[in-house]
Each structure stands twice: as C-alpha cells, then as structure tokens.
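Residues per chain, in single letters:
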Amino acid sequence: MSSIYGEYEPRLTYIMGLLTTELESYDRLCFEETGEHIYEHMSARIKSDESMREKCRRKGLPENAHSALCVLQDAIGVRVVCAFRDDIYGILDHIRNLSFVDIVEEIDYIRHAKANGYRSYHLVLAAKGRFEDPEGNNPGKFFIEVQLRTIAMDSWASLEHKMKYKRDIRNQELIEVELKRCADELAACDVSMQTIRNLIRESSPS
Amino acid sequence: MRVLLAEDEKALSRAVATVLEVKGGYDVDAVYDGEAAVESARQHAYDVCVFDIMMPKMDGITALEILRREGNTTPVLMLTAKAELDDRVRGLDAGADDYLPKPFQMAELLARLRSLTRRAGTYTPKSLQAGNVTLDVEQQELRSETSIRLAKKEARLMEFLMANPDKDLTVDDILGHVWADEEADETVVWVYISYLKNKLEAIAADMTVRGDKEGPFRLVPVSL
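If you read the protein sequences in the order shown, they are chains F and E. Each residue of the first sequence is one higher than the one before, starting from 41 at the first, in the working numbering. Each residue of the second sequence is one higher than the one before, starting from 1236 at the first, in the working numbering.
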C-alpha cells in the first residue's frame, strides 16, 4: 500500500522546510545580534501514513490525499520549544509577519489551559507552494500545524501523552488531578523564571 | 475537638473533664503529671491543651517548654495560682497562649478555650476572592480564567493583599507579615510582588498589584 500522501509527499517536505529553515535562520540572526536564542529546540514531522489513515477513518473521511491535505490540517507538524514564555510570543509575532504563510487559526492554550492542564500555543498556517494541491489549485495551499511551548509545557505534554496510551491505569482520576496540579506548578515556575529574567534585564545597564 | 487536661488534683480534674465533655463537647484526655502531659502531646494531635503549673514529676511550664521546643504549636491554656504574677509571666513566655488563675469559673474556661480554637479555625479563611480571582489558601492555587500554583510565601503575600483590599501595604508591613521571623532583604518584597503581578496576568485576572519598587502596594482592578 502506498502512502496516503501519494505524489504530494515531497511537496510536503518542501513546505515544511520553508518554515523550519526560516525559523532556524531567524534564530541564528537573533543569536548573532543579542547572544540569545529564540528557541531551545524545534522538531518537525510529516504525520505518518498509518496515523493519517487512522485519523481519516476516525473522522469518517475517505483515505486519500484530499482528506489528508485539504480537510485535515495537521499533515505537517512543527513544534517549537522555548526556554521562556515571552519567547513564544516573540516567535508568534515573527510568524505573523512572514509573507509566505498566513495564519488560518490560532488557539492560546497558555492563557486558557485545557481542563487537564495542557498548555501550548497552537497555530494553523496556510503556505503556498508553486505546485498543485489536491484541489487542483496552483499555487497550491498546504497547511502547517505549529505548536509553541516552553520546555516545562513540553515535558508535561510528553508525560500526559504516555498516560493516554495506557488504558488500564488504576486510580486514573487521582492521577489526572495530580497531573493537573503539576501543570499548574510548572506554569508557576515558567512565570517566575520569566519574571526573574525581566528583573535581571531591567536592572542591567544598557 | 480533643483536649489534653494536665491537672494533678484528681477531683478537680474529674470535675473539669466532665464539664468540658458535656458542656463543651470535647473529647478529654486527662493526665496527672508533666511527664505524662509531654508523652500524650507527642503521641496525639490535640486541638487545645489545659495545663496546671504545679504537678509532680515535671511542672506544667517545663512540660510546655519541651513541647514548644519540639515544634508543637497546639494552643495551651495555663491554670495558674491566683497570687503569682511570676507564674503567669513565665507561663506565657514559655509558650502558653492564655492563662486562667485558680479558682476559676467553668464558664470562663469554656469561653477561653473557644477563643483559642476559634483562631485556629475560622480566622483563617479557606478561600479569598478579589475581582475574578480566587485564592484557595489550602491548595495555594490562584484561579481566574486558568489556574496556577503559588509557592508558600507567594500565597501568604497574596492572602495578605486580598485580606486588605482597601489598604496601601508598605514594604515593612509585608516583611513583617510574610517574612515574619526571618532575616530578609527588602528587595525580596519587590521580587515577590513581581511574581504575583505576572501570575495574575498569566491567568487573565482582572486584578493586578499597584505600586513600584519601594511600595506601598495594593491589589487593584486592571485598568483598561
């Protein structure tokens, strides 16, 4: 069975590269100019054939490139992990001003954490590529899902993710309450560290 | 509520215990000397203690000193001899919260015990509110559109601000309340106020803390 993405797969890699290369370059520029990075690490991936097919099935969509690339929007995923909360909003601003992508949707799960404690800034971008998309448009429109997080938010999300895959955990409810408490404590540390960074900057000359 | 009664005069002890149980609704543990008082207080968690001073084996003041040194913070009412000022001063300095000279009226003993246990109970509110922000004192959780946790001193400072919504609190006021028995540099107040300001913002609160580095500080609505 060939990939659900078919002939579009190389184009997805290209589109993904546009964003990651841009952010890497921007990070290098910031580091040269200020001595500070804008993110700690970034990871990017195209959703696996298996995962995408499973998602199409779950959503009652036909398993084809159109569903994967025009209906669903997370074939391309980029996750940017920052050291400080403010860095997230700095990158957000930078993305907003990029000419080759438009922000189609954004959800601030940092200001309004999910009930389970999940925090992250989610963006769906629409990028243009000089080739056809599954709807026949040229330039074609391709979606990129971006998650912006702090290191703390990212480690919490990894742990919580592991929870989801184990169905038979005892004391499920208690663990969920405790995970939420951890999420809130980690968020508190993020804010405190941001505060400390601000105080240091305010009290340093120039 | 549970009371530890340390009184060596058995008849008096029985009479007091009965009234405490019947009129006060307390569970009473009666001991008859200072050593037994220390042992019992170490083993069980009491809501309040009543200690006589003159007791065999170990007097009430020594027993209290030992317990306080070990970190026991249960409220203690001392039964003192009427004429002895010294008793009262030594007892209070040893860590007693109140005293009652003998002979005493039971009504007064009951009222004083109610007063001692009241402070531990109702004066510390479980949660405080200001604008759209709620502080859960027990959990040290600050909640508005999202929730976040506070460290112990942050929670104490937030509690202090919320309990005094109409007062300008100075750096000294805050040091005296939050860093009560510690050596603390004045700048720590500004650091913690900064933490709270940013945490309030992080949860999209409609309140913030007004005041610059030197204070004074007050919790106020966010001006748009």
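If you're looking for bench data, these hints aren't it; they were derived computationally from the structure. Bear in mind that the values here come from a model prediction, so they are computed numbers and not experimental data. Errors might be hidden in some of the hints.
[What the hints assert, rightly or not] According to the in silico footprint, chain E covers these stretches of chain F (three or more CB under 8 angstroms from chain E):
1. 169 to 178
2. 215 to 227
[What the hints assert, rightly or not] Distance windows between CB atoms, simulated:
3. E:L1327 / F:E218: 41 to 51 angstroms
4. F:S43 / E:A1386: 48 to 58 angstroms
5. F:E146 / E:A1386: 46 to 56 angstroms
[Claimed, not checked] With a cut-off of at most 27 angstroms between alpha-carbon atoms, the simulated BS3-like pairs for lysine-lysine come out as follows:
6. E:K1387 / E:K1432
7. E:K1337 / E:K1292
8. F:K154 / E:K1432
9. F:K99 / F:K202
10. E:K1402 / E:K1448
11. E:K1387 / F:K220
12. F:K154 / E:K1337
13. E:K1258 / E:K1388
14. F:K181 / F:K204
15. F:K220 / E:K1448
16. F:K181 / F:K87
17. E:K1292 / F:K220
18. F:K95 / F:K181
19. F:K202 / F:K168
20. F:K154 / F:K168
21. F:K220 / F:K168
22. E:K1448 / E:K1388
23. E:K1361 / F:K220
24. F:K99 / F:K154
25. F:K154 / E:K1387
26. F:K87 / F:K99
A virtual CB, placed ideally from N, CA and C, is assigned to each residue, including glycine.
Hints versus structure:
no.	hint	result
1	169 to 178	violated (count 0)
2	215 to 227	holds (count 4)
3	E:L1327 / F:E218: 41 to 51 angstroms	43 angstroms, holds
4	F:S43 / E:A1386: 48 to 58 angstroms	50 angstroms, holds
5	F:E146 / E:A1386: 46 to 56 angstroms	31 angstroms, violated
6	E:K1387 / E:K1432	16 angstroms, holds
7	E:K1337 / E:K1292	21 angstroms, holds
8	F:K154 / E:K1432	22 angstroms, holds
9	F:K99 / F:K202	23 angstroms, holds
10	E:K1402 / E:K1448	17 angstroms, holds
11	E:K1387 / F:K220	19 angstroms, holds
12	F:K154 / E:K1337	62 angstroms, violated
13	E:K1258 / E:K1388	40 angstroms, violated
14	F:K181 / F:K204	33 angstroms, violated
15	F:K220 / E:K1448	34 angstroms, violated
16	F:K181 / F:K87	17 angstroms, holds
17	E:K1292 / F:K220	53 angstroms, violated
18	F:K95 / F:K181	21 angstroms, holds
19	F:K202 / F:K168	35 angstroms, violated
20	F:K154 / F:K168	31 angstroms, violated
21	F:K220 / F:K168	39 angstroms, violated
22	E:K1448 / E:K1388	18 angstroms, holds
23	E:K1361 / F:K220	21 angstroms, holds
24	F:K99 / F:K154	22 angstroms, holds
25	F:K154 / E:K1387	25 angstroms, holds
26	F:K87 / F:K99	16 angstroms, holds
Going down the numbered hints, you'll see the structure goes against 1, 5, 12, 13, 14, 15, 17, 19, 20 and 21, while the others check out.
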